[in-house]
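All chains, full assembly: derive it from the sequences and hints.
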Amino acid sequence: MEELAVDSGLVNKILTLLGKLADPQEAQIQKNFYKRDNNIMLIGIKVPYIRKVVRDIVSSHTLHKKSILNVSEKLVSNKVHEYKMAGIILLELNKNKIIPSDLETIKRWFLNDYINDWAVIDTLCLAVISSLVEQSKEAQDTVMEWRKHENIYIKRASIVSFIKHAKRKELIDTLLRHASTFFGINHDLITKANGWLLREIGKSNPQKLEDFLIKNIKKIPRTTLRYAIEKFPETKRKWILKIPYK
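If you're matching positions, the sequence shown starts at 299 in our numbering and goes up one per residue.
Calculated directly from the structure, the hints in this document are not laboratory data. Any given hint could be a false lead.
What the hints assert, rightly or not - BS3-like, lysine-lysine: derived pairs with alpha carbons at most 30 Å apart:
#1 Lys-467 with Lys-393
#2 Lys-393 with Lys-344
#3 Lys-529 with Lys-333
#4 Lys-329 with Lys-462
#5 Lys-372 with Lys-462
#6 Lys-435 with Lys-446
#7 Lys-435 with Lys-467
#8 Lys-377 with Lys-329
#9 Lys-462 with Lys-446
#10 Lys-513 with Lys-540
#11 Lys-501 with Lys-467
#12 Lys-517 with Lys-446
#13 Lys-529 with Lys-540
#14 Lys-513 with Lys-446
#15 Lys-405 with Lys-372
#16 Lys-490 with Lys-544
Next comes the structure, spelled out in structure tokens:
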């Protein structure tokens with residue numbers, strides 16, 4: 299009970315500090331940026347300010363893993379986007395304490411609809427889940443299996459969590475196969491993320507990406523294809539886009 303009281307106190311402290319930084323004008327600017335995501339509730343705090351508040355809390359408190367997960371969950375369960383980001387940043391700043399088995403807790407956050415906008419998803423994936431994937435083959439397999447889940451946000455996480463690993467030579471073939479499993483899904487959250495992953499693979503191995511794209515040209519959603527070839531020379535981009543795909 300005492301531990302829960304301490305955790306609740308920390309949550310309230312973070313919410314209070316962030317609340318003082320709310321800026322309606324900035325919130326309107328951000329709403330224009332997230333205009334396609336009508337479910338995002340914004341109070342107008344830039345990420346560097348959120349990060350500073352959370353970092354100050356971390357530096358002034360000794361947090362055990364259970365408390366880190368408890369406080370993070372309380373924050374990400376809040377409907378306000380900036381509070382969700384604070385929860386993810388808290389995890390990121392303590393990621394040395396987060397282990398692959400904690401993926402079950404993180405997955406539950408998705409299922410509870412706490413992680414429900416692309417910016418929060420991508421921050422969680424790039425800052426936290428990506429490092430878990432690096433820690434063990436088991437975590438890698440677990441996150442890849444998320445591709446089969448019906449939840450669209452979990453599917454996106456299964457892609458974005460591997461963005462930082464796209465240059466690992468030993469993973470390229472695996473990641474290309476992984477990317478191909480999403481070709482039948484015509485949803486912005488998936489087509490754009492998948493194109494992003496393919497583009498990152500192409501930065502280190504453009505010829506392999508080109509061969510893969512041409513081989514699968516009739517299956518790849520056009521949005522995914524356009525994202526994937528962004529770094530190709532203009533003449534090559536135009537040539538690929540002219541290849542018959544129907």
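Query - Violated constraints from the hint list, given by number and in increasing order - result: none
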